[in-house]
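K.L.:
Chain by chain, the residues run as shown.
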Amino acid sequence: MKHVKTLNTKKLQNTVKKGGCGECQTSCQSACKTSCTVGNQTCENSR
Amino acid sequence: MVHQYKNNGYNIVLDVNSGAVHVVDDAAYDVISLWETHSAEEIENCLAPVYGASQVREATDEVAALIKEEALFSKDIYEDSIANIKQRKTVVKALCLHIAHDCNLKCRYCFAGEGEYHGKKAWMSFETGKAALDFLIANSGGRRNLEVDFFGGEPTLNFQVVKDLVAYGREQEKIHNKNFRFTLTTNGVLLNDEIMDFANREMANVVLSIDGRKNVNDKMRPFANGSGSYDLIVPKFQKLAESRNQMNYYVRGTFTHENPDFSKDVLHLADLGFRQISIEPVVAREEDDYAIREEDLPELFEEYDRLAAEMVKRHKNGESFNFFHFMIDLEGGPCVAKRMSGCGSGTEYLAVTPWGDFYPCHQFVGNEKFCMGNVRDGITGTEISDKFKSCSVYTKAECRNCFAKFYCSGGCAANAYNFHGDINGVYEIGCALQRKRVECAIMIKAAEALATD
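Heads up: the sequence lines are chains A and B, in that order.
Under the working numbering, residues 59 to 105 are what the first sequence spells out, in order.
Under the working numbering, residues 287 to 739 are what the second sequence spells out, in order.
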């Protein structure tokens, strides 16, 4: 595309069926302890 | 839902429901902004004088292609599945062990009331900690990775118990086919070679508390006699960070109303050599003089922008560092079930007091209404865990139309409760800052992606 560059190929819609295994980290365990940030986490299943 | 914004010279379009992020030129940016309210003909008439008819038509075609691919103006197909997701059996996968309700610093903003959580000083015994680990193993179902944070107050005050619990955990994980990921959160006052060696052997992550510049840190993080902690902790933190090869740790600080120019604190820590940095807004009562107020927001937004632009610059110069709140995983990030459900407090994640009581998370400790049981009897307050389990981005009216909902997953339940008396509320200042951070984080990704083209 000339006018648009898309940064990511994976779509959230594709994670509906297979998602939810629960192996990922709890949000507050990494550093924050005062907020909730989920978007920075990594899916343990995609490793 | 689409969110579009300009930051640091980039035109960014986020398609909220697919998670797709597009960097676009001015023509496409304007086409997208008119898309839902104008016909193709109206868009062309409106924008052709600016960009030329052929450019507008090209951009329109590209936008149409993205819509067809469900990567722009995509529908929310998740709300119907939230009920099923919420019905799934949850297991406990993480504990925050309050090893000591006691502290050797007297930080002014401490949500733990200078370590004691508004109660009395107490240290966790090995027996209580052991019962907590046993509970975690027994309630973790098929989940293999179990997270345990040694927290406080200051956990190194009671470090023998930390060591004994790690030894016990290592023994038990073999028996039960589990993998403990231990973490330690410390103010650094008691850090020594022995603790560092132990942390490097056993801790998947260490969180080192420091606020940034000396004057900022020492004002908020003094000893009981009023003297500052900066000079004592900085060399120790530098040594520990180096000994961990600048990975699997965070220097973690708090900014307040008193240092709204917090980007200087982040950069100060980077200039000290730290590569994993988290500086976060204080969560305080409105009446606290250091609490962040709504009128601080414009300045704080500028600070996030300044920091993000500086990080892009440093990345290009090979001097990059991680800023926790700007980390975003656009490709391998969490599934939508996780993004809808929240942090897991009160269900997958529990805090354990020194005497063994369970709370939904460390921030609820001290509020007895939220006591959920204890390590010996298990979870007895199931109505509390049910309430936390039912939380999602769809139970919070304010989240519905927020573009950041799948990045914060509805925000922090403790913040919501503290400001509105309801875990299904939202903490507006926190939300505003979160939205800004998501914008900056995506901009950094855009800058990195375009630099490699």
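If you are wondering where the hints come from, they were derived from the structure by calculation, not from laboratory data.
Be a bit skeptical, because a hint or two may be false.
Below, in silico cross-link-like pairs of lysine-lysine (DSS-like), each with a Cα-Cα straight-line distance of 27 Å or less [stated by the list, open to error]:
1. K75(A) - K361(B)
2. K60(A) - K372(B)
3. K60(A) - K361(B)
4. K602(B) - K76(A)
5. K673(B) - K75(A)
6. K63(A) - K602(B)
7. K76(A) - K354(B)
8. K673(B) - K69(A)
K.L.:
Does each hint fit the structure? Answer for all of them.
P.N.:
Results for each hint:
no.	hint	result
1	K75(A) - K361(B)	holds, 16 Å
2	K60(A) - K372(B)	violated, 42 Å
3	K60(A) - K361(B)	holds, 25 Å
4	K602(B) - K76(A)	violated, 37 Å
5	K673(B) - K75(A)	holds, 25 Å
6	K63(A) - K602(B)	holds, 20 Å
7	K76(A) - K354(B)	holds, 23 Å
8	K673(B) - K69(A)	violated, 30 Å
In this structure, the hints that do not hold are numbers 2, 4, 8, in rising order.
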